[in-house]
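Participant: All chains, full assembly: derive it from the sequences and hints.
Residue numbers (UniProt numbering), protein chains in the order written: chain A, 1 to 439; chain B, 1 to 896.
It is possible that some hints are incorrect.
What the hints assert, rightly or not - Simulated coverage check for chain B against chain A, where a stretch passes if three residues somewhere in it have a Cβ under 8 Å from a Cβ of chain A:
#1 161 to 168
#2 198 to 211
#3 241 to 253
#4 578 to 584
#5 766 to 778
Source of the hints: derived by calculation from the structure; they are not laboratory data. Ideal Cβ positions, reconstructed from N, Cα and C, are used throughout, including at glycine.
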Amino acid sequence: MPVAASAVYFLNLRGDVLINRLYRDDVGGNMVDAFRMHIMQTKELGTCPVRQIGGCSFFYMRISNVYIVIVVSTNANVACAFKFVVEAVALFKSYFGGSFDEDAIRNNFVLIYELLDEIMDFGYPQNLSPEILKLYITQEGVRSPFSSKQPLDKPVPNATLQVTGAVGWRREGLVYKKNEVFLDIVESVNLLMSSKGSVLRCDVTGKVLMKCFLSGMPDLKLGLNDKIGLEKESQLKSRPTKSGKTIELDDVTFHQCVNLTRFNSEKTVSFVPPDGEFELMKYRITEGVNLPFRVLPTIKELGRTRMEVNVKVKSVFGAKMFALGVVIKVPVPKQTAKASFQVTSGRAKYNPSIDSLVWKIKKFPGQTESTMSAEVELISTIAEKKSWTRPPIQMEFQVPMFTASGLRVRFLKVWEKSGYNTVEWVRYITKAGSYEIRC
Amino acid sequence: MSGHDSKYFSTTKKGEIPELKEELNSQYKDKRKDAVKKVIAAMTVGKDVSSLFTDVVNCMQTENLELKKLVYLYLINYAKSQPDLAILAVNTFVKDSQDPNPLIRALAVRTMGCIRVDKITEYLCDPLQRCLKDDDPYVRKTAAICVAKLYDINAELVEDRGFLDALKDLISDNNPMVVANAVAALAEIQESSSRPIFEITSHTLSKLLTALNECTEWGQVFILDALSKYKAADAREAENIVERVTPRLQHANCAVVLSAVKMILQQMELITSTDVVRNLCKKMAPPLVTLLSAEPEIQYVALRNINLIVQKRPTILAHEIKVFFCKYNDPIYVKMEKLEIMIKLASDRNIDQVLLEFKEYATEVDVDFVRKAVRAIGRCAIKLERAAERCISVLLELIKIKVNYVVQEAIIVIKDIFRRYPNTYESIIATLCESLDTLDEPEAKASMIWIIGEYAERIDNADELLESFLESFPEEPPQVQLQLLTATVKLFLKKPTEGPQQMIQVVLNNATVETDNPDLRDRAYIYWRLLSTDPEAAKDVVLAEKPVISDDSNQLDPSLLDELLSNIATLSSVYHKPPEAFVTRVKTTQKTEEEDYPEAGEQSYSDSPARVADSGASPPASSANPQHPASRQPAAPAALPDLLDLGMDNSSSAIVSVDQPASPAGPPLPVVLPASSGQGLQISAQLIRRDGQVFYSMMFENNSQVPLDGFMIQFNKNTFGLAAGGQLQVPQLLPGTSASTLLPMVLFQNISPGPANTLLQVAIKNNQQPVWYFNDKIYFHVLFTEDGRMERSTFLETWKSLPDSNEVSRDFPASVINSVETTLDRLAASNMFFIAKRKHANQEVLYLSAKIPRGIPFLIELTAVIGTPGVKCAIKTPSPEMAPLFFEAVETLLKS
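Facilitator: In structure tokens:
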């Protein structure tokens, strides 16, 4: 049964109810007490997101300082329930202008109740597209650039048709003076490297984010330098593939606006975009990843009170490019007293709250290397402790105009019956996902 | 920018409810709206604002949509508690359901369906009928769900009014969202009905597959879930379906992906072409892997499902083991599930990599995770023969780190490895023995002891090692005691020298005399008997070759696995239990159906606890119980010498003489003379009834320094004239030994005058000590005779014939009857016989009879509410002076 919820609760960290909405009669209104007693106030909290208590099951997620709890008594679709929560939070954020926390909920509780009534009926998720809901759920205090052209207090007459329509994510009759599309390719590199420098796991998860300011009902088509797409294209046009790097995507998932059947048969990404900002697609690549940084740590424990930490970081992307906001966190034992540093660039200090040496470099040019050496003094402990388990070194960075996968946008075509011209902007950026080096 | 609703949560000092009431009836619109918001805020934080019902409902007739919605929300919460007032809202609902604005029409129908009040439901039918045929798809999609709501309240009404047919028509609606909601509603109704209502034909199938391309992501989930129940006619149809579903794997919504995977796996069962199957497996892998980059909670759901999928089709993710490597910051529940899948995917090809990972995890901080990682290494060793040696060397490296819980966990798994590969890796035992002192957990200790016993002949100082454990024998948990017992017996059989012989005496004594654990005692007696009668047989039994184990833990039974796979993405697939194991809701069978299908509902929902799989990680078969070859019987006892020579020469030995009813059974006897007051002699004793006779069951323990002999017993006058019916048969007791005996008793010898009491005064003497006096208690029910059963008619007659003055009753406030049957069984075991029962209001009334010697009957009436403390006992008997004793006995019996 695809039912996702019998009741939804929003609780703050103390367990106070911020919002409660019962969708079905099969769970009692006091089930939230069971959650508080058996999960929130015990060590269970955080050990498993799906729990059975008595005849009911609880699914919960923490988002900033709020727990969202779903209660069911049937064999509900858990995947559906969690995804519903994720999407609902995104919807609320888009209504409140970004933040989702206890204050935002208290300040918008009437709106939240109204939305909850709309996005789920009898436990079945309904349309959750912010774009469409904003057509007819328009509360004061909500400012959205996309609905500003509509009179605020009256619902759009054909809203209901659009909610249920085949293009349930875009409304009709949009007009922009200047038609623009912004494309952002955002890649996160995930790396797990052994202390000996061999790559244990490495992949890139990428997103294509889009911001559309387009009039009417445009049809868009996106071309990337991915292998399958190119092969299919050359097949169709019976023309050999142009030389150049092609990328093999392990997996792609698309926003609901993309025609999946067409993608399956023709390998083209074609869609009618929602207005404004959205995530067009996500992809994953494991082969041929260009790691932007190599990290070479050496950590020596000198007796029981001293440690020597040396970290060398090499940037291996193009010399004309540079990375921003590079942070390297080297974990040290809890009993660290102080540390003295020598760095060739950036600044380093010991941060006791996360038990790490934190080395920050604001701007890191390509094809260079930097080192940090630190001497760490430890408080000697009397108790014979087990040897210190070393958590991995973690790294953060952003490299603009670089994709670790090598993915490029080849074209973005826009068709609209009025035949206007569009301006397209494309940006690339690579960030660190979980970039871990064991030491 | 955001709203400023938080002000509605602040309360004023004045009484809140009257103030709200006033504001709700204000003439100003804005003030009324603010008041309703305050009411909703109060409702949210759990205050009872139901007393404002009328005032809130008065605000319902408004043009302001926001206010209307708030009032409706209030109604949904409180209509049930104020059903009579809820009728006030009906007019507005009906009017709203005909509003020109489709949003309001839908809102009215949606809300009415949520109000489970009969009077409202009656009025819902007409608007619902209209809305199902509304021009606006938004109204129709809302009406479709409303049918399911109504079915939940009143299934008959839905069928009578033809809503089911209207709902089926909506499957052909031109709007995909209407179709999706209609499918969801029908699927739900089908689930709660035992009659076929929503059957997917090949025609609906193709319609729904077309709608799949157009409807919202959630609609796709509804449709895929409903279609997963469809059984394709043949392989070709299955292939066609799969072809149209596979594009869904690319959807960004994890629920769509999982439902698509579910459907593809179902259809794959029918597909015969290996190429197609291989191709599908290839297509499913990437989307499943992508689920692991979602939110941790979704990852968890995905991992639990992947666990099932790899059991069914291991090839799908065979090459993807790396994606299950744990990240340092993964939540613990994700790490645990990843580990489980890594074990499942481990193969000769990737084992080196996997072992490096496990070793890394074994040094992390979270103890549970570290333990699981160590255990994982052991399970890989058991699973992959060629990798076993590498696994063991990793375990030994971990043991050298000397982290206590790592060492203990390693020893537990190494024991399993020894079971899997006997006589292969014993060279590492020396290393294990080094960590002996650090073991403090029962399972680890038991494992180590098992290893020592099993390989006693190869461990030079096995006896010393075991002896070190023996000192604390009485304090050890049962698990360790059992292993210690078995290991000592093995040691003795392998090295029958003096040291082990002494050890075994200590162990057998501890395990038979000083324990209250029946398992331990029984096992000890069996060993003792075996050793004393036929040591060769003992060797055959105890040292028999053990069956080799395999790693089948965490492997689900195939039929359960199939059922769970048909429930992918649902709770069932997360719990790894079939839905009926945790869903308690019963199907709504209707009256008319009950005649046609008398037990349909019950059958399909009957609990089947046998199928509930335990999803927790349990160690592989680890019991070290000796396997008894069934065909081997111990040889005749007389032919062989008594290896132990522990004074078991004749029947006076109380311990193992099977022919006499001498071995004490059941719970330990109460101590009547403690060793402290008996100069080291401790006596435990109790009156029991066996085979129609009263015995005095006694146990003598000699804790003094001298042997004791010449035991004699004497009873003082007592109410029932109980006296010894024979000589006390106690052999000479050497220091540190004990003996039990059953002394037959006779009645009506020296009856003490005066009121009836339960006092039994006993005197014991022996040749070495002064005479010991102690008081014991006569349990009255010991006297109940076996012929106490009465015919119903006799019972009635006797009852009538006795004067009312002979009726006595008493309440036992602390006693509980939880089950009539068990209670009756227990009473019958003590010769209280059941005659009849009846129900009086919610009380059960039981009639029983009992008889004591000389034919004095007791007619008993027990009254109680099942499961609730408080039992009333009334009796009628010719000897009412015995009543207090009788009541005491009944109370004891009800308690035990």
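Participant: What hints, given by number in increasing order, does this structure fail?
Facilitator: 1, 2, 5
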